[in-house]
Amino acid sequence: MYYLRISDTPIDVNEMYQKLVDPQYGGIDMFVGTIRQWTGNVETTKIEYSAYQPMAEKQLEKIAAPIEAQGGRVVVAHRTGSLALTDIAVFVGVAAPHRAEAFKWCRFVIDTLKHEVPIWKKEYDTDKVRWGN
Amino acid sequence: MTEVTIKLFAFLQDRLGPTVQIEVPTPVKVAVLFDKVSQLDPQLSATLANSRLAVNQEFVDSDEVSLTASDEIAIIPPVSGG
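Chains A and B, in that order, give the protein sequences. Per my numbering, residue 1 is the first one in the first sequence, and the count goes up by one each step. Per my numbering, residue 134 is the first one in the second sequence, and the count goes up by one each step.
Since no wrong hints were added, every one of them can be taken at face value.
Partial chain A-side listing against chain B, Cβ under 10 Å, derived:
id	residue
1	33
2	56
3	89
4	113
5	118
6	119
7	122
Covered, in the sense of this in silico footprint (three residues per stretch, anywhere, with C-beta under 8 Å from a C-beta of chain A), are these stretches of chain B:
id	segment
8	137–143
9	206–212
It should be emphasised that the hints constitute simulated quantities derived from the structure, not laboratory data. Note that CB positions come from ideal geometry on N, CA and C, so glycine has one too.
Pulled out of the complex, with its shape left as it was, chain B reads as follows (with noise of 0.2 Å):
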């Protein structure tokens, strides 16, 4: 398990603040890792199943990733700029 820091944007942001802590397995299933940031606050579900995972600012497209504590990670909820 690693623990690692994931940056929170907007209403993710509004609801716990900007950033988490949480332990993964390493390699993790992005659904997971979402999952774990869903159990801290179940009203974000809704929010987290629309969201996308970002690594080192790059979108993560597959499912499964590897992560180190030096990784910038960050939960990408629905954008609305424009």
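Next comes chain A alone, as it looks inside the complex (with noise of 0.2 Å):
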């Protein structure tokens, strides 16, 4: 069953690993979005987040579901609040029996999320303050 959270906790990768890993599944692809400094010639100090939490958790039980229908299992956690440099701004990680489905539906899960999931972030540049998009 997945896990999905849209939260302020910390995202802690081997706990988000930990829940992934099922002898059914021979693969698990993950991805981690981290906080950048330099985007070009614009430097970020930190990144706010924000979200309409009931419908985003909604969301992403779309994007969820039919790969669990397919038989994947889908996590993701997605962090709220201030974030500095480095820090972990989303999880996905997606097992499935083998490689080929891990990467695949891994990278549409992250994909769509960036797309269909009402998140937004408000980056702090050392010259300006902008919201994302």
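Two chains, two frames, some hints: make the complex.
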């Protein structure tokens, strides 16, 4: 069963990984998104994440459910609150019987999350503050 | 006309606070609803042009929607999680 979390609790990669470990799976693909300092010439100092929490959780369920129906397991944790450089903003992990599905589904989850889940970043750069996108 | 409460997020919330109340006809075209919010703060027009409407935590894909005072209505500006 999937595990989906949006919270201000720091993300522990090993804790998330353990939720994917199961004898039925032979491949676990994980994506960890972190706070980057430089985007071209723009220097970021911190990022604040906020969410429309109940809808965001529903949207994550819509992403995860079809993968679980095909035999995978999905673990997503996304931070809210203020994050410093190198902090983990998002963890996406997918366990599958074989690596091809694990890679494919993990990429699908993070790519879809970025378009369909109501979470926003407010980026603090050295010269300005801006909402992502 | 029905008075509805609309949740706002991100840049929209920075400008107008977490909710606004507006009067809309019902059914209402999504574009009309967004235009009414834009009239509260013309600086929001660019963001609203790229925003989506959500009713009861589901995106609205149609151009027109029927709303009641008890619906949970939200304007979702471009998301930027991940």
